[in-house]
Each structure stands twice: as C-alpha cells, then as structure tokens.
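Position chains B and F against the provided structure of chain S, taking the given hints into account.
Residue numbers (my numbering), protein chains in the order written: chain S, 518 to 828; chain B, 285 to 552; chain F, 34 to 337.
Since the hints were derived computationally from the structure, they do not count as laboratory data.
Possibly wrong hints are sitting among the right ones.
Here are a few chain S residues that sit away from chain F, every Cβ distance over 10 Å (derived from the structure) [as the list claims (entries may be wrong)]: (1) LEU584; (2) LYS588; (3) ARG636; (4) SER705; (5) GLY766; (6) ILE793; (7) PHE823.
These stretches of chain B come out as covered by chain S in the derived footprint (C-beta under 8 Å, 3 or more residues) [said to hold, decoys possible]: (8) 388–394; (9) 401–412.
Beta-carbon label-pair distances, calculated as ranges [unchecked claim]: (10) B:LEU476 to F:ALA223: 51 to 61 Å; (11) F:TRP70 to B:GLN409: 32 to 42 Å; (12) F:VAL129 to S:SER573: 33 to 43 Å; (13) S:VAL558 to B:LEU476: 55 to 65 Å; (14) S:VAL612 to B:LEU476: 34 to 44 Å.
The model shown is predicted, which means the values in this text are computed figures rather than measured ones.
By construction, the Cβ of each residue, glycine as well, lies at the ideal position given by its N, Cα and C atoms.
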Amino acid sequence: MTVQSPTTQSQSLWRPNRDRSRLIQSVVKFICGAFAAVSIVTTLGIVATLLFETISFLQEVPIWQFLTDRKWTPLFASKEFGIFVLVSATVMISVISILVAMPLGLLAAICLSEYATPRTRKILKPVLEVLAGVPTVVYGYFALLTVTPFLQTFLPNLKGFNSISAGLVLGVMITPLVASLSEDAIYSVPQRLRDGAYALGTTKRETIVSVVLPAALSGIVSSLILAVSRAVGETMIVTLAAGANPTLGLNPLVPVMTMTAFIVQVTKGDAVHGSIAYQTLFAVGTTLFLITLALNIFSFWFVRRFREKYD
Amino acid sequence: MTQTAGAMTAHKIAFQAEKLSVSYGSTMAVKDVFLDIPQNQIVAFIGPSGCGKSTVLRCFNRMNDLIPSAKVEGRITFKGQDIYDKRVDAVELRRRVGMVFQRPNPFPKSIYQNIAFGARINGYQGDMDELVERSLRDAALWDEVKDKLKASGLSLSGGQQQRLCIARAIAIEPEVILMDEPCSALDPISTLRVEELMQELKQKYTIVIVTHNMQQASRTSDYTAFYNAKATDQGGKMGYLVEYDRTEVIFQQPAQQSTQEYVSGRFG
Amino acid sequence: MNINDTRISDRPITSDLFKPNLAKRYNLDRVFAFFAWGATTIAVAILAWLLITILIDGIGTLNWNFIDSFASRKAERAGIKAALAGTLWVMGVVAVFSFPLGVGAGIFLEEFSEDNWFTRLVEINISNLAGVPSIIYGLLGLAAFVRILGPITGGRSVLAGGLTLVLLILPVIIVSTREALRTVPDGIRAAGFALGATRWQVIWNHILPAAMPGILTGMILSLSRAIGETAPLLAIGAASFIAFTPNGLQSSFTALPIQIYDWVGRPKKEFHDLAASGIIVLMTVLLLMNAGAIYLRNRFQQTR
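For reference, chain S alone in the conformation it holds in the complex (with noise of 0.2 Å):
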C-alpha cells in the first residue's frame, strides 16, 4: 500500500488484500474474454471447414460448371452439379413464404402496437414470442399432413410434395417473426411523432401510414430481411413437405429440392468422408452460408443507412 492510513489503529484492523483480488479479476477477465472468443472461433470454424471441403469440390467439378448446369445429380453416376437447381427452389419457396409472413406479419404489427388496447396487446405479444419458438418439424408436419391434403382438394394436380404448401407454411412460421420485431419498431417510435400528426388533421390511419411507419421503416426491413434468411435456411418443413426432387422450374405445384433439403438428404446417407458426395454437401452448404451472409449484411447496412435517431 502506498497510501498511509490516517491512524496506526485502523492500519491494524484493515488488511485488504488488493494482490490478491487484483489477481483474481486478472484471472476471471481473461478466462471471460477467451469465452467470448468462442463466438469468434465458431465463426472460423465455420469458414474453414466450408471453404476447405468447397476447395476439394471446386477441383473436381469445375466452378462454372457448378454454377451453369441445368441438372442436379451429384449422387447418380452420371454427375451433373448444377447449384442452379436448388437455389431455384430455395428462392421460389422463399418468395412464397415472405407474401405470406409480410402481409400477415406487419399487419399484426400495426394492429398490436397501434390498434389493440394495452391489455390485449401484453396477452398477444408473449404469445407471438412462443409462436416464434414452436419447433420447425412441428410446422413440417402440419405442411406435409395438413395443408397439402386440404390443398389438394381445390388443386388436384398438387403432387404430394410441392413447393406451395411448404412456402405457405413456412410464411406462417416467420410470420410471428415479423409481426414481433415488426411490431418492437412500430411500437419505439415516439409519441410526439404520432402527436404532431394528429396535430395537424390527420386520422389514425393517416398518422400511421404517413408517418409511424416511415420512422419505423428500417426496423420493419430489418425484421423481413431477417425473416428471408431464416426462410432461406429453413430445413425441416421444406426436407418433409416440398420433397426431394432436384428439378429447374418454378411450378409450385410438384416436388422440389432445396439447398437444405439436398443437405439433410445425403447427411442422412452417411455420406464417406472425402467423397464427392461429402464435398458437395459443404459447396451446397457454402452457397447456403453466402446468400445468407449477404442477406444479413444488407440488413445491416440498411438499418445504418436508414435509422433515424430520436433521443
């Protein structure tokens, strides 16, 4: 100690000792700051282990191969990689679940935030956030055993698996997505906005429209950007309910692949370590990580580009 203590009496009674608690937060921030390097060795791990099995793909089959061919048969003898196939699939299935999720969604959003008393608002809200978390095989099931069979009897050419069903459900299941972090923007912008709307003439409905949903506007894109990735990375609805049928097309009406459905598909056949088989399953996979990377970095930039600050 380098400060003198003003009385020797009290110089006895008080032994505090710094070294050691010193030590201690030493210790525990480091031991604290290498679990939060986790998070960043996840993230290198993840782009190892996809790059280093998508460079072994990539010197089999050549890129332009993968990305020009029309027919996706890597598991056949005759091999043709064209990524073209699933991501097809992935895309119009995804399409379909986000006219579902953005209607349904946001409009739940303003309805919560703008419509609903506070009552109803604080029963509804903890129920979307539950919705939210229902398992995604559940969402499976109700697409391949529900929906499909009462589709069917206004569509009869609906095949068994088909891209409708599976995008249909998968909107329901990010829907609550979107309506909750929808619903978070709407509900922060400030009640002065609103009251300076009002203050000029407007209804409910202008002051929403006009003004609450402009100030909300890169919150609202942020959660249906959100919403996209997820749908695009959805595995089990679309593995149970759109099939395992590699085909080019947009019909929604027949079975499909997606890019996760391919993954589940040769995952589940124990495919050989250093296989094409196995090779293709992480080129599929890289593709998946890129579309969703982008994804994620253009929410990121919109919400820096577009927030406006309220103090």
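Structure of chains B and F alone, referenced to chain S:
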C-alpha cells in the same frame, strides 16, 4: 369563480371554456376552469408543474381524445360552437387549431414533405410549392433552408426544427396555434427567434402558449393565466386556474397573493 | 410567385382551399383497421388450426406405453423412450457448457470490455452468427465434432450433438445475458466501487445476483430453442432408430425432434399419429419452459 379579464370585451372571443375539468382515470388533473381566449392575441398559461396548464391547452384541439383514460367535463366553445359536441369532428377541429409541441417533432421526411404533408392530407387545392415557401417564410426559416428542401427535417438544428414545426402548423392555415412550452428545448438565441416570430404570427393567428418561463410570458403575451396546484385527499395534485388578466396586471398588481408570490419567484 | 417583403404574408386565411373530404378518409380508416384486425385474426387462427390438428391426431396414441417404449417397426408398440432420454442427455450437455460460456462472454462484453478491436470483432461476430442457418452449424458439427474431434466425442454422439447446439444458441445467451446485465442500475456499480471493491468483486457480489433472474430467463428460452432443433442434429447424423437409452457422453443417440421427423416421413398413417403424439410431448415441455421463463421475468420486473 369566473375569471374573465376586464378588457376582454374589446376583442372577439376565439375559445370560451366553462367549468372545464379534466381527469385521467380517477385522478382529477384540473378542475373548474372558466376562461376566454381572445382572437388575434397571445395568451400565456403559467404556473408550477402539475398545475394542469398543458392539460387545458390540449383540450382546445381535443388532443386529450388520444389518451383513453382522459375525461373532459364542462364546455369549450370555439367561435360559439361546442367543440366536444358529438357532431364536431376532432380531425377537422385540429385542422383549424394547430399545435406546436414541447420538443421539436419533425417527421422523418424531407423539409418540403414535412410542410406539404398536412396540407396534402387535408386536400389542399392550391399550389403546393407556393404554400411550402409561404409557410417557411412565415416561420422565418425560408432563407436557411431554401437550398435544401429535400434534406431530412431531422438534419436541422433544434431551433430550426421547432420553426419547421411552426411552419408545418401554419401550412394548414389554422385559426389558432397552441404552443406547449415551445422553447423549453431551445437555446436562448433560438428562443428569441421564436418569440419574435410569435409577435409576427399574432397578426393572423390566435396564439395560446404554455410556458415555464415567466420572462417569456411577460415579454410575449397580451393576457396571462396563472394556474396553481393543490394537494388532493388522495395524495395527488389537482390544478386550478387562480387568476387571468392582462399580462401587465398579472405581473404588476395581481389580485391574488399566490400569483404575486409566483411571479416574483417565491415558489414554483 | 408573389411574396412581398413583410415577413408575414398578407394573404388572409382562406380555408376554402382545403377540401378535407373526411367521409372518404374515415371509410379508408375503417378498411385499414379491418385489415389489421383481420390479419391478426387469420394469423392466430392458422396457428390455432395447427395446434388443434396436432392435438386431435396425437392425443389417441399418447399414453404411458408411448413414453416408456423404444422405437419399433410396429406402430402400436413404438414409443419415445430413447428419444426422450437422448434429448435429456443432449440438453444436459448444452446447459452445462452454454451457461458458463454464454454468461462469461456476456460479462466480458458488458462489464470488462474496453472499446478495442477485440470487443468490436466479437460483437460483429455475434450478430452475424445469429443469422447463420442452423443447418450450417450442423455441417460445422459434422466436420469438427464428429470427424476431427471424433476420438474425443465418440463420433455421432450425445457430446457431438450437444456441442453443436451449444455453438448454435451461444449468441442468443450472450445477447440476453448482456440485456440482463444492462438492466442493473449503475448506482449499484458506483456504490460498490465507492467501497473499494474491485470490478470483479462488484460483479460477483452485486451485479450477478441482481441480474440472475434475467440471465436465467434468457437461458431457459435459449434451451427451449435448442430442444426443438432438428436440422443440426440431422446434419451431424444423429440416428433415428435406436432401441436403447444413452449410457454416456460418447453414446450414440436420437432425439425427440429427430424421432418426430422420422415418423412424419413414413408413409403409414399410424406413424403420423405417433409423430403428433411426440409433438404434443415436445410442445408440452416447451410450453412449461416458456411459462417458467415468463414467470421469472414477471417476478423480476415486479421487484425492480
């Protein structure tokens, strides 16, 4: 107790409040206010916090309708028409009675759109560019923003934002402008500009301003209403109107002891 | 344009130029409100349809035999004993690893962090990881835990599955831990420092106890997310037909969602009903966990 200023008869009356009481849920915010607001004059509401002066102000354009628990009793007429009558539409009323708020609240839109928004919504048939320019000029903001009408309203300084909000309010050609502590978030220089602006606006508009700042009330207003709060049995505070008269009377020879104490800075 | 020099334009107020057309605007308002309520009703109705369907399909085969039997080729004898045990084992691994890792990382970022490259890198990383599809974590688990660390984990084992899920939910736990720590008033920190405590002493003695309900709430919600994850476990190759309960960390396993997936994919209706019964069990566990989290959160908010 009826509080009508003596010289009031010289002016036409814009608003007339009779036995106005407002409560939120079970708490009474302000009770039994009688008050006449003369046309083309500036009326200041002063008083300590919790005295209900903002609450009364927000009755004049029925902003209290937006608070589900708020209940307004008594009668307010605007040019003889009871504004809480079932046939009166609050949206239409607010077009005729504009409001400027405590903190500047420009919309997250361009400066131009901030002004044009209210006019467009309310079906303005005239030349929009002309209206925007005229409103910005009237709010003494035109020279500062004429080259950046497409910039966001949020990019302006606090004082400019507040003048933008005033321009926005006068763009819909209201007859009255209610100002709820419009300068409390502004620096002294911006405050001065807004006060000058009020003097100019008085030619065309009736202005009611709530302020915490007694100098501001004495500098700018023609009439001053002093509100005070008293403790209630439930432990809350309830506001009431103490005294209402010409500003010089309130500040120099008020009738009530508590007014004298407040304006001389002994409490509040 | 004729704007004269006086500041205030001389033009008198002429409200004639305004045609507010309130009747039409109010009609549009009603339409808009109708759509808002309609969308909410539809969303809730579809989700109710889902839950009711599953309840109707699954309630008939839900009994003690179903809970206490292993998977079988004969639907009437099949059950979820192995799946339930597998899920419990995997969740045990997830809880044991993710709690210290997530809370430690949260404490580091919220309490110890200085604004340097490392902290920023970790923060960007975490928000990025939260957007990575779960099946990609499965591929990482397959390459890292099943293959490279295979000698330690025992291949497609409880440990490999658990660790994969740990990585998956770690970002969620870190974020919720930070939120919980942030709700602790700064006054508590200042008071601790003023008594001469080190930062860690303040964290350990004052901040962590105050933030613990919030941290636990986040922990339960994260675990409830992990419990329903199917894709990463499929990707690491968890088996779907297992007739024993795991006897250790290196044991191979199946899990409840995997078992459900397997049954849904079979052609026979009897297995679909078993899947529905399995879903009921899974959802009941989830609901209980969520209810616990909400209870904790409400208690926490009241005492704050």
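Verification of the supplied hints:
1. Every C-beta of chain F lies more than 10 Å from that of LEU584 (chain S), the closest at about 20 Å, which supports listing it as non-interface.
2. Distance check for LYS588 (chain S) against chain F: the nearest CB is about 23 Å away, which clears 10 Å, and the non-interface claim stands.
3. For ARG636 (chain S), the shortest C-beta to C-beta distance to chain F comes to about 15 Å, beyond the 10 Å cut-off, and the non-interface label holds.
4. The Cβ of SER705 (chain S) lies farther than 10 Å from every Cβ of chain F, with a closest approach of about 15 Å, so its non-interface assignment holds.
5. Distance check on GLY766 (chain S): its Cβ is at least 24 Å (rounded) from any Cβ of chain F, clearing the 10 Å threshold; non-interface status holds.
6. With a closest Cβ-Cβ approach of about 16 Å to chain F, ILE793 (chain S) is found to remain outside the 10 Å limit, as its non-interface label requires.
7. For PHE823 (chain S), the shortest C-beta to C-beta distance to chain F comes to about 17 Å, beyond the 10 Å cut-off, and the non-interface label holds.
8. By the rule of at least three residues with a Cβ nearer than 8 Å to a Cβ of chain S, the coverage given for the stretch 388–394 of chain B holds, with 5 such residues.
9. Closer than 8 Å: that is the beta-carbon criterion, and the stretch 401–412 of chain B has 4 residues meeting it against chain S, so the requirement of 3 holds.
10. The hinted window of 51 to 61 Å between LEU476 (chain B) and ALA223 (chain F) is violated, with their beta carbons roughly 39 Å apart.
11. The given range of 32 to 42 Å is respected by TRP70 (chain F) and GLN409 (chain B), whose C-beta atoms sit roughly 34 Å from each other.
12. For the pair VAL129 (chain F) and SER573 (chain S), the beta carbons lie near 35 Å from each other, so the given range of 33 to 43 Å is met.
13. For VAL558 (chain S) and LEU476 (chain B), the hinted distance range of 55 to 65 Å is satisfied, since their beta carbons lie about 60 Å from each other.
14. Remark: the range hint 34 to 44 Å for VAL612 (chain S) to LEU476 (chain B) is contradicted by a beta-carbon distance near 57 Å.
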